[in-house]
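In my numbering, the protein residues as written are 10 to 529.
Check before you lean on any hint, since a few could be wrong.
When the alpha-carbon atoms are kept at most 27 Å apart in a straight line, the in silico BS3-like pairs for lysine-lysine are as follows [stated by the list, open to error]:
id: 1; residue 1: K344; residue 2: K242
id: 2; residue 1: K502; residue 2: K288
id: 3; residue 1: K430; residue 2: K418
id: 4; residue 1: K81; residue 2: K258
id: 5; residue 1: K11; residue 2: K430
id: 6; residue 1: K264; residue 2: K229
id: 7; residue 1: K288; residue 2: K433
id: 8; residue 1: K398; residue 2: K446
id: 9; residue 1: K484; residue 2: K440
id: 10; residue 1: K258; residue 2: K484
id: 11; residue 1: K264; residue 2: K288
id: 12; residue 1: K255; residue 2: K11
id: 13; residue 1: K203; residue 2: K81
id: 14; residue 1: K264; residue 2: K433
id: 15; residue 1: K502; residue 2: K142
id: 16; residue 1: K203; residue 2: K258
id: 17; residue 1: K398; residue 2: K418
id: 18; residue 1: K318; residue 2: K248
id: 19; residue 1: K318; residue 2: K418
Derived by calculation from the structure, the hints in this document are not laboratory data.
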Amino acid sequence: MKNIDENFKFVVVGGGSAGWISALYVRANYPNSQITLIQSSEIGILGAGEGTTPHIIDLLDEINVPMSTVIKEAKAVLKSGIKFSNWNGDRTHYYHSFMDNPDLDHTSLTELKSTKFPLLDLETIANRESLDKIGFNAIASENNCVRFAANSDVTNKDLDPVLHFDRLGRTALHFDANLLAECFEKIGRSRNIKVIDGIVTDFTTDHNGYITSVNIGTDKIGCDFVFDCSGFKRLILEKLYNTPWKSYKEHLPAKRAMPFFIPNNSNIIPPYTDSTAMKWGWMWKIPVQGRYGCGYVYDSDRISDEDAKLELDNEIGFEVEVPRLIDFEPGRLEKIYEKNCLAIGLSAGFIEPLEATSIWTSLMMLTSWMENPTAITHNDQTARDVVNKRHCDMNDNTLGFVYFHYITKRDDTRFWSDFTKDNKIPNSLEKLIEEAKHTIPSYDMFSDIGLDFAAKSFLACGNGQRFFNPEHARKLFNSHYQGRRKEEYDLLKHQYFKNINLNLSTLIDHYSFIEYMKEN
10 MKNIDENFKF VVVGGGSAGW ISALYVRANY PNSQITLIQS SEIGILGAGE
60 GTTPHIIDLL DEINVPMSTV IKEAKAVLKS GIKFSNWNGD RTHYYHSFMD
110 NPDLDHTSLT ELKSTKFPLL DLETIANRES LDKIGFNAIA SENNCVRFAA
160 NSDVTNKDLD PVLHFDRLGR TALHFDANLL AECFEKIGRS RNIKVIDGIV
210 TDFTTDHNGY ITSVNIGTDK IGCDFVFDCS GFKRLILEKL YNTPWKSYKE
260 HLPAKRAMPF FIPNNSNIIP PYTDSTAMKW GWMWKIPVQG RYGCGYVYDS
310 DRISDEDAKL ELDNEIGFEV EVPRLIDFEP GRLEKIYEKN CLAIGLSAGF
360 IEPLEATSIW TSLMMLTSWM ENPTAITHND QTARDVVNKR HCDMNDNTLG
410 FVYFHYITKR DDTRFWSDFT KDNKIPNSLE KLIEEAKHTI PSYDMFSDIG
460 LDFAAKSFLA CGNGQRFFNP EHARKLFNSH YQGRRKEEYD LLKHQYFKNI
510 NLNLSTLIDH YSFIEYMKEN
């Protein structure tokens, strides 16, 4: 039995976002422990992931890092969701927005206890209209506004600038990944996290396979617990412990990314990621202060790098500079927790960048690890199994949601027209797809199949891709509408849109918000 005290030694293998998130998370939860992070200035970091989900704010709260610090030092901006453009091949778009503020949610209006169907959503789908018209975040995003409103403390310079605003609903961040790592490293050093610049060569283990030291040549760094944050190298779980890899390539064909940057010198900062469908994959466009981080994710078996670059240049309107190509295989490790080692970030798995789930997954795994400390203190294999199962379930469910985005009306290339024929439907999606042949899936169905993404996310993407049959929605709406008087429904709907307009009038332009945060 081990006590996690001032003598307990944590070692983090790898810098970057995953390594520094892990180190700062451990410091926040075990403040008296010894923490060493090993990174290599020679190898550097991948630095491609610049988008997040709202869980990044929970993480910053957990590790006690003000959001204003990340805005100032990592050129971060806010993210209200993702704008999907041209996924049906007709240059239309739809938003997958983050959950609205409860005061702006239409649950009380649209959800009957006996049905679990959202009536306003059903009415909108039945009318063949976009759900963006009833979503506060989508409307705000189209106007480049963010969900912060100045409050009465705005003149108090003693406060952290972020406290000068009331946050309306959930928000995430875009940031410069390299600058975020530098920011977190500075904070980590100030919190007595030891940093070693070097390349890990091997590991020393005891007779039970537990790691006793992480080795850099002849230097041995003693440890009681290790985080594998070595990225695609997967130095420990895959190479030391030979943990099997579960590939998702039979489901998702994209396997290469072509990243590039575009300057942005205007006073417009979109508060969303733009994901634009291309002929053989899709392109991300992520705003940070002063530029866009972009990239084409494509199936390199169907298109050459040269043709992908040409397509990219035509889409952007000028020739872009591509510093490197990134190859990846979508999938996950069968286990991320073995002996006294936990894999976090790309070391644990990677699906693809579409919904920016990497940091979210990392945070969930750290939380699960923290909630099962007996794996460390009492060598409890059952506790490790809990973490490993959560990892497998979460990634498999995320796979299902990512795959769902590709079921569109676009058919200009075989990548799109034959997607479901050429790429196997994940098990987590089969029930949803079958259900949608006959009706609009209910909120309860999503809970039953254990999907990590909310029903509202599937409804937003499914309606944007014209996956749902409007006649099914009309039938359900008419069926369940009978239980409510028309006057009551119309009154509640009127109040809902009134609340949206009132809150929109209080919001702040995204660029203006970022400039204010930088100056205070």
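Do the hints match the structure? See the list:
A threshold of 27 Å between alpha carbons decides the hint, and for K344 with K242 the separation of about 16 Å falls inside it, so the pair holds. Restraint check for K502 and K288: the C-alpha separation of about 40 Å exceeds 27 Å, so the hint is violated. Between the alpha carbons of K430 and K418 the distance comes to roughly 14 Å, so the proposed pair stays at or under 27 Å and holds. Simply put, K81 and K258 have alpha-carbon atoms about 39 Å apart, too far for the 27 Å limit, and the pair is violated.
Between K11 and K430 the alpha-carbon distance is near 52 Å, which puts this suggested pair outside the 27 Å criterion. Annotation: proposed proximity of K264 to K229 is violated, straight-line Cα distance about 37 Å (limit 27 Å). Distance check on the hinted pair: K288 and K433 sit about 20 Å apart at the alpha-carbon level, within 27 Å; holds. The straight-line distance between the Cα atoms of K398 and K446 is roughly 31 Å, outside the 27 Å bound, and the hint therefore fails.
Proposed proximity of K484 and K440 is supported: the alpha carbons are some 21 Å apart, at most 27 Å. The straight-line distance between the Cα atoms of K258 and K484 is roughly 38 Å, outside the 27 Å bound, and the hint therefore fails. For the proposed pair K264 and K288, the alpha carbon gap of about 15 Å is at most 27 Å, so the pair holds. A distance of roughly 33 Å separates the Cα atoms of K255 and K11; the hinted pair therefore is violated under the 27 Å criterion.
Straight-line distance between C-alpha atoms of K203 and K81 comes to about 24 Å, which keeps the hinted pair within the 27 Å bound. With a CA separation close to 16 Å, the supplied pair K264 and K433 stays within the 27 Å bound. Between K502 and K142, the direct Cα distance comes to roughly 13 Å. Compliance with the 27 Å bound is thereby established for this hinted pair. Annotation: proposed proximity of K203 to K258 is violated, straight-line Cα distance about 39 Å (limit 27 Å).
Our distance criterion of 27 Å between C-alpha atoms is broken by K398 and K418, whose separation comes to about 35 Å. The suggested pairing of K318 with K248 is violated, with an alpha-carbon distance near 34 Å, which exceeds 27 Å. About 25 Å separates the Cα atoms of K318 and K418, which keeps this hinted pair within 27 Å; it holds.
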